[in-house]
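Line by line, the protein sequences give chains R and C.
If you're matching positions, the first sequence starts at 1 in the working numbering and goes up one per residue.
If you're matching positions, the second sequence starts at 253 in the working numbering and goes up one per residue.
No incorrect hints appear here.
Here are the simulated EDC-like cross-link-like pairs (lysine to aspartate or glutamate), alpha carbons at most 16 Å apart as the crow flies:
hint	chain 1	residue 1	chain 2	residue 2
1	R	K164	C	E355
2	C	K311	C	E322
3	C	K329	R	D149
4	R	K169	C	E342
5	C	K311	R	D149
6	R	K164	C	E342
Worth flagging that the hints you see were computed from the coordinates, not collected in a lab.
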Amino acid sequence: MLRQIAVPVIAILIFLGLWELLVWVNNWPNYKMASPSDLPAAFWKYKELFLQMGWQSLWRTVVGLIIAVIAGTLLGMIMGFSKIARDALYPLLVGFNAIPKATLVPVISLIFIGQHDFNTILMAFMISFFPIAVSVGIGLSTLEPEYRDILRSLGASRFTIFRKIALPKTLPEFFGALKVSVTLAFIGTNLVEIVSPHGRGLGALFKSGETNGDYPLMFAVLIALAFLGIVLYYAVVFLERVFAGWAERPQG
Amino acid sequence: MDNLIEIKGVTHAYQTASGPLPVLDGLDVAVPEGTFAAVVGPSGCGKSTLTRLVAGLMKPDKGEVWLHGERVKGPRKTVGMAFQNPVLLEWRTILQNVILPLEIVAPSMKTADKTARAMELLDMVGLTGFENKRPSELSGGMRQRASLCRSLVHKPDVLIMDEPFGALDAFTREDLWQTMRDLRRAEPFTCVLITHDLRESVFLGDQVFVLSGRPARTQYLMPVDLPDDRTLDILYTPEVADMLHILRDQIKIAQGRAAEVD
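If we strip away everything but chain C, and leave its shape as in the complex, we get:
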């Protein structure tokens, strides 16, 4: 299987008032087509920088980002993004919010087709009947569902998510994990998920990347050999408990290294 996303030896530093702040140091990440990469690591280790690099929103100082065998030089229409903040536009209805990327990517598409596509996704995430509501009328979990629909409406090859479930309560979060799993089954896409939640990374990921503390590189890579149709129960099996344990230890190591650098 080919790698859809390849990050090779990426090094990057931000220019700050007190000098350059290195965030990535020779980072390597490879994500095969159609798989789900979960990325975990200590706070402030440059995980969000990783999403912006893959999305083509910024260029690395050193190293290369490849998508589909092409070097990433700028934003491309085949990428979808979701953030911790659902960033829905309050002056648009839920349906109009979901349609937004199509207005950019496919301006000539008929309104009826755009609506049909958006409704299909809203149905998959259980938001049928809420399409004409304003974002402020929805709960946090529902808003994040709508945000997911928006990032998928133009059928991107790659979905990049930066802690999309981070602000939700534990039960809502678990609901959304299952929604995510179902969405992937219905419409396969390659996914990079940045998260702080180790259980989330194992439940959703095909592989889990543990980044070291800042400046980050890939410290540990765990393949997740669980069935595709996993249920929440799987999180309570000894097998997963062992995996979580290993990940937890790796995070501790990453935090230790971060402490040394500081």
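Only chain R is shown next, with the shape it has when bound in the complex:
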């Protein structure tokens, strides 16, 4: 238990040490690259802004992610159960996923002018639903026929088979995809926050750091983003343990 905490903490400390060393050896001024030792001051100076903006980014990412989970699961179910739907939707989804989402920021900000919360959530959703839809779709469509037959031969309904077999069997793939989606959703949120004028959230804080030439602040925002990303990621890991812990082989 102690080792489980100590190892990653030591790794982070080593990383910060190397970063500090890099800046110090090259004698870079902090407008070129801020060093870790500059960061606590930056955090302290803007501590209220960090809490406020961090919360903004966090809740919008989580809401976008929840919508992505619902929509992605539904899409995945449609593709998993119907071959026609799969053939029809797959190229569309792949094509949509290939579009760099940064190009969509001006599009959605023109459609929904001034709706900053809505736009941010929409982007977080659009960038993160794809892995979920694909994994649920593949999980359902590759279910071995025997699994279905053990219940179908007893006259169980399609819904019962889905609830008792297909759904739990797909959970490990679902959580694998959700881990990817969490970080993607964060990218979506920040994209909108940085690019749109009069934005809010950590992205906007980053932007204001840039505008004012406050480089330690910009780096501090990056660290804050990384921190929130880690928190959300491990929240998913926790949920995975609760709902799909059976998929983990005991280590021995």
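With chain R's structure known, arrange chain C on it following the hints.
Showing chain C alone in chain R's frame:
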């Protein structure tokens, strides 16, 4: 004695990209109540199609499948199935896996009664003490035993098995033959066993059906007049050796015919 299962003149073809693929051609199989029918035949001759027909999972193009004097039109709760792959659900314990059919067939049954019924079967196959393990913690043979318990937990009239012991090593397989024999003695049911193993078909069967190559029909029917309480030793008697010899020859004929069709 009445026939519990009757397959009359069943013909079936699968639609494939290169046209219809006929698998069954006027197949007739009759299994009297309480007896054990072993079905052998060359690979790919439509034996698995036979199990799906009896289970009501598919309808034949032509011909009729009767169960209990009723035409089979769809799945029914009085059937149990077991496959080569034990298909145990990894997120459930062994006990919960065995109980699964009861959740469908008898949703109002009390949990305690379901558990008692499952434990009774687990005890019969020697899995007492493993009920709270996950499937991945058990050996292949033990998993197949649990799978057998699951297919019998709701006391089906008919047990349909599609090569259930095919993936096991020879000794484990022989253990399971004996388990199967004991289960039948404890709770009589009618059984259809698809197998590639001629010794298995003679040890377990009351009659052995040899199917011809694809499209399959019943090519040969061998009654197995051996005592019900047979032991593995019986497989080494001259009587059984003769039976195995005849079956082997029949399989050769079936394979020859398959070669001609291809």
